[in-house]
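Chemist: So you can see what is in the structure, the chains are spelled out below.
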Amino acid sequence: MRYLFTHLDDLWALTVIHLRLSLIPIVLGLLIAVPLGALVQRTTALRRLTTITASIIFTIPSLALFVVLPLVIPTKILDEANVIVALTLYTVALLVRAVPEALDAVSPTVLDAATAVGYKPLTRMLKVELPLAVPVLIASLRVVAVTNISMVSVGSVIGIGGLGTWFTEGYQANKSDQIIAGIIAIFVLAVVVDTLIMLAGKALTPWTRATGASARTAKPKAGAAA
Amino acid sequence: MNFLQEALSFIFTAANWGGPAGIGARILEHLQYTVIAVFFSALIAIPLGMLIGHTGRGTFLVVTGVNALRALPTLGVLLLGVLLWGLGLIPPTVALMLLGIPPLLAGTYSGIANVDPAVVDAARSMGMTESRILLRVETPNAMPLILGGLRTATLQIVATATVAAYASLGGLGRYLIDGIKVRQFYIALVGALMVTALALILDAALAFAVWLSVPGTGRMRRMPQPLLGDEVVLESGKQAQTTSVGRYERGDPSPTVEG
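Chain order of the listed sequences is A and B.
Quick note on the numbering used here: the first sequence kicks off at 1 and runs consecutively.
Quick note on the numbering used here: the second sequence kicks off at 1 and runs consecutively.
Listed next, with one range per pair, are the computed distances between beta-carbon atoms:
| # | chain 1 | residue 1 | chain 2 | residue 2 | range |
| --- | --- | --- | --- | --- | --- |
| 1 | A | Pro135 | B | Leu200 | 28 to 36 Å |
| 2 | A | Gly118 | B | Gly58 | 46 to 54 Å |
| 3 | A | Gln172 | B | Trp17 | 30 to 38 Å |
| 4 | B | Gln184 | A | Thr205 | 46 to 54 Å |
| 5 | A | Thr15 | B | Ser168 | 24 to 32 Å |
| 6 | A | Leu8 | B | Asn2 | 39 to 47 Å |
| 7 | A | Lys202 | B | Asn2 | 46 to 54 Å |
| 8 | B | Gly24 | A | Pro121 | 50 to 58 Å |
| 9 | A | Met198 | B | Asn114 | 21 to 29 Å |
| 10 | B | Ile201 | A | Met198 | 32 to 40 Å |
| 11 | B | Trp17 | A | Lys175 | 35 to 43 Å |
Sample of chain B residues with no beta-carbon within 10 Å of chain A, all distances over it, derived:
| # | residue |
| --- | --- |
| 12 | Leu43 |
| 13 | Gly88 |
| 14 | Leu89 |
Derived by calculation from the structure, the hints in this document are not laboratory data.
All residues carry an ideal CB built from backbone N, CA and C; glycine is no exception.
Using the sequences plus the hints, can you model the full thing?
Modeler: Spelled out as structure tokens, the structure:
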């Protein structure tokens with residue numbers, strides 16, 4: 001614990017790197033996966049193709065991908081860009097399966113109603129279907145965010161920066177205090193990011209809270225009746 | 001490219017496969033860490049998930065526990081474990097279990113909790129005891145999700161077992177980490193390719209197991225079981241897919257649920 005409080009400058013610098021490496025891929029991944037997922041939702045063949053491609057990408061171990069990517073794209077072997085591209089690939093791979101499933105879950109009556117009041121397909125997608133798919137998306141996004149944060153820390157064994165360097169340094173110097181500081185810092189970082197995404201999801205879907213409140217008030221009545 | 005050719009020629013040279021530091025031995029070490037970690041994760045997560053899914057108590061524990069375990073960094077726990085307990089099987093097993101438990105627990109829990117309540121009530125009204133309901137009705141119906149969790153757990157563990165090499169514990173990560181350290185990138189590539197191949201093979205095998213386990217399809221020859229249990233299992237599998245709501249309200253538990 002003492003290490004953590006005596007190295008606050010390092011903590012800040014490493015946290016910034018860690019967040020940059022793990023969060024940029026999430027933003028890029030969302031920008032790619034949401035349009036792609038919405039596009040392939042109704043075309044069975046394309047959808048199957050993206051699902052299969054996504055599961056194969058997801059099967060490639062992250063450490064291996066960090067090393068293999070420089071062969072495929074023009075980057076140097078220990079470049080930060082490799083990590084960002086690799087984690088973006090994972091984010092897309094996970095979300096591109098979740099987006100069509102989230103859209104499937106939107107009730108057909110809602111879609112019909114939206115069409116009936118005059119929504120064109122594109123505006124219906126943007127204003128009705130995607131907002132209703134937000135809860136499922138948020139759930140996958142939380143898993144992606146926490147996984148990315150932990151993957152970046154694993155990357156430190158092949159020289160990638162971030163809070164994981166406290167593990168490798170602490171191990172080499174035989175300082176368990178430094179490793180514990182790293183575990184605490186990464187744990188807190190993951191929990192904070194996870195909570196922020198969850199809160200963002202709640203802010204984006206005010207209607208779920210309204211039904212939740214009415215369900216809560218309805219419960220005691222049912223209990224009293226029984 | 002050049003690295004790729006060198007890496008492939010390294011892999012396809014028979015001399016590199018034998019011996020205590022050959023590719024064969026590294027694969028075995030890697031599989032050993034994977035199998036032990038998956039086994040102990042399953043030993044903890046599956047019974048716990050079955051219990052929580054069946055009783056419906058402790059759902060909060062599953063959600064928080066799964067998120068908290070996911071947030072703990074594997075590498076940190078592994079290296080701390082090595083400093084505290086020394087080299088051996090315990091540090092990598094504990095560290096990799098952090099990755100294995102969340103998907104197994106989530107899969108088992110949601111598999112059991114999402115079995116059609118009409119099926120469970122039917123089994124209960126036929127006089128099956130709670131433990132028989134859990135083992136003979138709910139578990140077979142939940143099998144695809146449980147095995148799906150096992151698949152994710154295995155995938156994560158086999159991918160991350162690579163870090164064991166950083167603590168001088170061997171496995172395929174040796175090539176990856178040594179290759180980077182001595183700047184012989186084709187050796188790192190050998191490790192990357194071998195780990196990827198291993199992950200793809202294990203994942204395909206488990207995907208096949210999930211496909212086999214879908215209840216009511218008759219894909220999996222069941223072990224000889226007492227006649228009644230077998231019938232109930234098969235019927236409940238079919239029912240889960242064919243019954244519509246309507247006959248009686250699905251969400252409404254029958255009086256026997258609590259008892």
